[in-house]
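Student: Let the sequences and hints guide you as you build the complete structure.
Protein chains in written order, with numbering that gives the first Met the number 0: chain A, 0 to 401; chain B, 0 to 197.
No lab work stands behind these hints: they were computed from the structure. Please note that the accuracy of each hint is not assured.
Claimed, not checked - Quick list of in silico lysine to aspartate or glutamate cross-link-like pairs, EDC-like style, CA-CA up to 20 angstroms:
#1 B:12 / B:50
#2 A:53 / B:108
#3 B:175 / A:10
It should be emphasised that the depicted structure is a prediction, and the values quoted were computed from it without experimental measurement.
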Amino acid sequence: MKKEYSKYTVEDFVCNLNFIKWVKKGADQKKWEAFIRENSHQSKKIETAKKIIKALHTSEFPVGKDEVYAVWKNVELFYKLRHQMDRKKRLIRFARYAAVFLLALSIGAAIPVIYFTSGNHKPYMVESVIPGKHEARLILSGGEEFILKKKQSELQFDASGRKIKVDQDSVINYSGKVDQNEMAQIVIPFGSRSDISLSDGTRVWLNAGSTLTFPQKFAGKSRKVILKGEAYFEVTKNPECPFIVSSDNLNVTVLGTEFNMRDDDFDDKFAEVVLVKGSVSLTKKGIFNLLGEEVHLKPNQKAVYSKSDKKTMVESGIETAYYTSWKEGFLEFDKEGILTVFNRLSRFYNVQFISEKSITLNTKFSGKLDLEKPLDEVLKVISDAAPVSYRIEGNKVFVNSK
Amino acid sequence: MKNTDLEIWESFKKGDKSALSFIYFQHFYPMFQYGIRFKDDPEFIKDCIQDVFFKLIKAGENLGTTTNIRFYLFKVLKNVIYKKIAKEKKLEELGSNHLKFEALFAVEEDFSENENPTAKETTLYQALKNLSDRQREIIYLRYECGMDYAQISDIMHMKNDSARKLVFRAIKTLRKIIEDQLNFPVLFFLRFSPLSVF
Numbered sequence: 000m001k002k003e004y005s006k007y008t009v010e011d012f013v014c015n016l017n018f019i020k021w022v023k024k025g026a027d028q029k030k031w032e033a034f035i036r037e038n039s040h041q042s043k044k045i046e047t048a049k050k051i052i053k054a055l056h057t058s059e060f061p062v063g064k065d066e067v068y069a070v071w072k073n074v075e076l077f078y079k080l081r082h083q084m085d086r087k088k089r090l091i092r093f094a095r096y097a098a099v100f101l102l103a104l105s106i107g108a109a110i111p112v113i114y115f116t117s118g119n120h121k122p123y124m125v126e127s128v129i130p131g132k133h134e135a136r137l138i139l140s141g142g143e144e145f146i147l148k149k150k151q152s153e154l155q156f157d158a159s160g161r162k163i164k165v166d167q168d169s170v171i172n173y174s175g176k177v178d179q180n181e182m183a184q185i186v187i188p189f190g191s192r193s194d195i196s197l198s199d200g201t202r203v204w205l206n207a208g209s210t211l212t213f214p215q216k217f218a219g220k221s222r223k224v225i226l227k228g229e230a231y232f233e234v235t236k237n238p239e240c241p242f243i244v245s246s247d248n249l250n251v252t253v254l255g256t257e258f259n260m261r262d263d264d265f266d267d268k269f270a271e272v273v274l275v276k277g278s279v280s281l282t283k284k285g286i287f288n289l290l291g292e293e294v295h296l297k298p299n300q301k302a303v304y305s306k307s308d309k310k311t312m313v314e315s316g317i318e319t320a321y322y323t324s325w326k327e328g329f330l331e332f333d334k335e336g337i338l339t340v341f342n343r344l345s346r347f348y349n350v351q352f353i354s355e356k357s358i359t360l361n362t363k364f365s366g367k368l369d370l371e372k373p374l375d376e377v378l379k380v381i382s383d384a385a386p387v388s389y390r391i392e393g394n395k396v397f398v399n400s401k
Numbered sequence: 000m001k002n003t004d005l006e007i008w009e010s011f012k013k014g015d016k017s018a019l020s021f022i023y024f025q026h027f028y029p030m031f032q033y034g035i036r037f038k039d040d041p042e043f044i045k046d047c048i049q050d051v052f053f054k055l056i057k058a059g060e061n062l063g064t065t066t067n068i069r070f071y072l073f074k075v076l077k078n079v080i081y082k083k084i085a086k087e088k089k090l091e092e093l094g095s096n097h098l099k100f101e102a103l104f105a106v107e108e109d110f111s112e113n114e115n116p117t118a119k120e121t122t123l124y125q126a127l128k129n130l131s132d133r134q135r136e137i138i139y140l141r142y143e144c145g146m147d148y149a150q151i152s153d154i155m156h157m158k159n160d161s162a163r164k165l166v167f168r169a170i171k172t173l174r175k176i177i178e179d180q181l182n183f184p185v186l187f188f189l190r191f192s193p194l195s196v197f
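Tutor: Structure representation (structure tokens):
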């Protein structure tokens, strides 16, 4: 306790911040109690000082949590608009190296921080992890698993690959090995989605029923990731270090670009790559690709790989929005067969479509479905537009021609 | 591992969303409590707070730096409130020191509910009533918000000494009254709530 306090006047006490904090918040309670015991000549002054401070107390205006949140929604929206604009500006300046630096912060009490050290280096098989009825998971290079609770999860890896922000509300500090392209994995079951920023700034939207395997921190002359399922990529440009997406049937090499890629078990006939911006080249995987045939795509082109005859066809003049709208939460169709529509919905809502009688396959659907809406509402939109009736039972949807 | 205000602020400037949300939820309530003293209109004050954040988000990297986010926010808020009120009333810009500051002290509230005040209670009440708006604001910033005089002088556009002197004068008066009352014990109620906006 400061020695000066023993000589303090009433005003001195009232003006002293430490004293104020004690009276108002009980800070250093024991120290002050001890001080009063040892300096009884001051106790009367302290009493007076206390009374003055209490007299100066102002009462508070109540404000409800919902009011705080209502304003927050507007602030959040303003932030999103602001940063969307910034992102567009950066994409337009194509020649520049797109360096998207994300700061993952561990902020005191507000955001819980998880410190993790790599215990066992469990080797794991890429192919053995199948998205299904499990929860969405992040598996780090040492084998540590984190459940991703949200249906639309968000992950951000910082440049070191060690700070991972999960869903904007927690941060993982990883101190395991990341220096030699040790692979991490994100498994997204049907009915979920994920928005991931990799350590080089590349953004990946992972669709339902997909797995992405990737280095926690990119190193070396190329950036290799493995995709099973469907994902939309916005790759940061680095001519010295091409980005390669490898799937069961295809290898897609990217320099800096945006494209949608789908190669999964769900569709047993085709794999697709749709290019929005930039340039990619595709090669087929497998021992038959001896000639190293490469297919180059330009923006608004779609490559369709047929799994049965192992041939790739390129279509131009594609409306890319139809293939990429899912990442914004929409499904867009243009004269698509009703079965394709059901196929995609099945993946999103994690339901099985069963037709009791054969649906007239000629039914084509054009439109936009809002995936943020419950399945019931989406199906109503379809049945209003097309001659299809439906009945939802648990996770099965029975459909029929009307 | 706690991050300092400076670190959080710098992240916020760079556009980090979690820094933004942390700052918002950490400081909204104190901002509201401060702002509402200038105008007893919760919707108006909420609008002003919203404007503050819009302003800060818009400025981004161009924002100044700070080691005390609350203090920075209070300054911006006071300015926003003043400009909005001046606009509404179509006043000339005389400066934000011309804003009224309404902070009812606990004793004043109790007094108005007390049907039979004693002479001593009345004296105390009068003393507090005589405090100017600026004195009230300084007292609020010091006793409710725990700000130091450097910060208070900055927000109040005053010299460091002037703020301190104003408070001292008020306290001296109160002291005299309360000491007198202690010598003649009178039952008067001082409401005290542990909640404060530190």
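Student: Are the hints correct? Go through all of them and say.
Tutor: Verification of the supplied hints:
1. B:12 / B:50: 16 angstroms, holds
2. A:53 / B:108: 13 angstroms, holds
3. B:175 / A:10: 10 angstroms, holds
In the structure shown, no violation is registered for any of the earlier numbered hints.
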